[in-house]
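**Student:** Chain by chain, the residues run as shown.
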Amino acid sequence: MTVASKERKLTIARAMAEAIAQQMRIDQRVFVMGEDIGPLGGVFGNTRGLFDEFGAERVRDTPISETAFMGAAVGAASDGMRPIVELMFVDFFGVCFDAIYNLMAKNTYFSGGEVKVPVVLMTSTGGGYSDAGQHSQCLHGTFAHLPGMKVVAPSNAYDAKGLMTAAIRDDNPVIFMFHKALQGMGWLGTERDAIVHVPEEAYQLPIGKAAVVREGADVTIVGITSGVHHGLKAARALAERGVSAEVVDLRSLVPLDRQTVIDSVRKTGRLIVVDEDYQSYGMTGEIISSVVEQGVMLKAPPQRVAYPDIPIPFSRPMEQWALPSADKIIAAFETMENH
Amino acid sequence: MKPSREQQLWMYEQMLVSRYFEESIEKIYMEGKSPAFNMANGPIPGEMHLSNGQEPCAVGVCAHLDADDVVTSTHRPHHVAIAKGVDLDRMTAEIFGKKTGLSGGRGGHMHIFDADVNFSCSGIIAQGMGPAVGAALSRQLQRKGGVAVAFLGEGAANQGAFHESLNLAAVWKLPVVFVIEDNAWGISVAKSASTAIERNDQRAAAYGMPGHFIPGNDPLAIFEVAGEAIARARRGEGPTLIEIETYRLAGHFMGDAEGYRPEGEKDALFAKDPIPKFRNHLKASIGWTDADDAELVARAHGLVDGAIAFARDSAYPEPEEALEKVFV
Ligand SMILES: Cc1ncc(C[n+]2csc(CCOP(=O)(O)OP(=O)(O)O)c2C)c(N)n1
Ligand SMILES: [Mg+2]
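Protein chains in written order, with the numbering used here: chain X, 52 to 390; chain P, 94 to 421.
Treat the hints as calculated values from the structure; they're not laboratory data. By construction, the Cβ of each residue, glycine as well, lies at the ideal position given by its N, Cα and C atoms. Hints may be right or wrong, so weigh each one.
[Claimed, not checked] On the chain P side, residues computed to face chain X include the following (Cβ under 7 Å):
| id | residue |
| --- | --- |
| 1 | Asn131 |
| 2 | Glu140 |
| 3 | Gly190 |
| 4 | Arg199 |
| 5 | Gly201 |
| 6 | Met203 |
| 7 | His204 |
| 8 | Ala208 |
| 9 | Ile218 |
| 10 | Gly248 |
| 11 | Gly279 |
| 12 | Ile280 |
| 13 | Leu416 |
With the hints as extra help, turn the sequences into a complete structure.
**Tutor:** Structural data, given as structure tokens:
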């Protein structure tokens, strides 16, 4: 057998479905509900095959009633089940956020730790394909800001499976954000680098541990989901001009692995943070503060490449201009070089 | 209340415009999207929800409205926008993401706003309910007349916003009409699988307002029932809920493989296409001739072709324009 034949490349969509199926096989308490997650297999493919294997009782298409089924996820979780619930686009959180941030996130605390709320809320994020301002947001900061929920967001299929497995096994609510452009659904474009080898057996990754996905000495680029891929592309381009960039994939926003970022910036002395979420009051500011607070010596002011503070425009030239990109990261580095 | 000859011809023409518009958009949408179908590509990127088959809902209701009346619509808005009199050139340009579009390309096909005719729509299910109630409240407070109509899909009738809005409208006796376009599907989920009762008009009773169900996707029946409901609202007698059985002749959105449809459903729906049916009705009732028809079809096509040429010829916005219009 050649090495290549052992490669088992999966999309994030397939990796998510595989992780869910494996946990459903060993844990009867796990069930899935959401819109079009049954026979259709999810608009973004991440529940494909589950309905056929587990049937309508455990893989439940819901009415378009997020307020009800999000609250129901909280109630079922507190009563001994382990629901995985899909919010089709993260942008739809507005119709069900009360159950998320006032119940799912707080019931454990309110009850002094007596009540567990082991919900996995999986939801799609991101734009770049002209779906306009109610179907393209990331909202990383919105969810991560509010205490009581873990928030994970994988950049590749290996992490997606490991984080999904960990999320299902976690006794706390976990928001699992998957970026549409990384999902491996051709109709949303496909980021090749997100499709990677995924072992068949179940495994979990620790929630709250960042990964150094490329080592370097001159600058640290920190990102999550799509931002990681922009960072890797920028790092490859910078390498051609002799600049060695380190890329950190946060993988989770809550808990946030500040130490990995700080260690990296201590080494490189330069920091660029990339986020497809809105810039102000968000992840980029949080990362920079975390580094600066620790008194890490910087060779140049830290830079951020994030979404401007505007609703996401439909028209392609405007949207593409507003999105983070490898070019913007390189430009940010040049600003630092000239400092 | 029967439509006059002029009203019938108006409805028919709007249906022709709407259908040909969708057929044109469908073709153009596919430009640049083959062999690989990627939503981001082509002159019309993003999601595209077409209204082929649902034209009767739009024309039967909007026949009773003028520009001053308020309409909120959904993610599937083109037929309603056309019947409400939205500027077709600028709407088309918006769908293409052009600078000359109604919103300068900021909104796209799910966010069509034309203040001149009080039309708006949006992409989140049942989102237009509250704003329609609010517009009706504003008319009541300003004592300036006019009604509001909220269009929604049958899937949206399971949202909290639907139920809360019905109750609020009834408690305050507001001049608003709720129109459910029941096309039997919410993406891949059948109405029967998502809705506890067979017909949503029954829900009107729970909110103390009249409820009507209109079978058969019939523009004349819709005209009649909607006319009553809108007249009632204008008289200050409060809201009405209407559910219309209609047909979605297209997929949920472009690119939908529609594998969830039972065998033969699509053919059965096409056999009931409301446009040839209406044409035959006109022939039987008002002596409509093939020559009349050819003339009207040509006019409708001309209008749409003109709008598409306008959109294609228009420039894209400058990228930096993305920063404008966040605030006024
Ligand atoms: C709150 C919310 N949930 C889910 C969606 C995703 N979604 C878009 S259209 C649709 C189906 C809507 O069905 P219906 O109301 O019957 O309208 P139709 O598409 O049939 O016109 C769904 C679930 C959404 N846009 N908003
Ligand atoms: Mg429907």
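**Student:** Identify every previously stated hint that the structure contradicts and give their numbers, smallest first.
**Tutor:** 8
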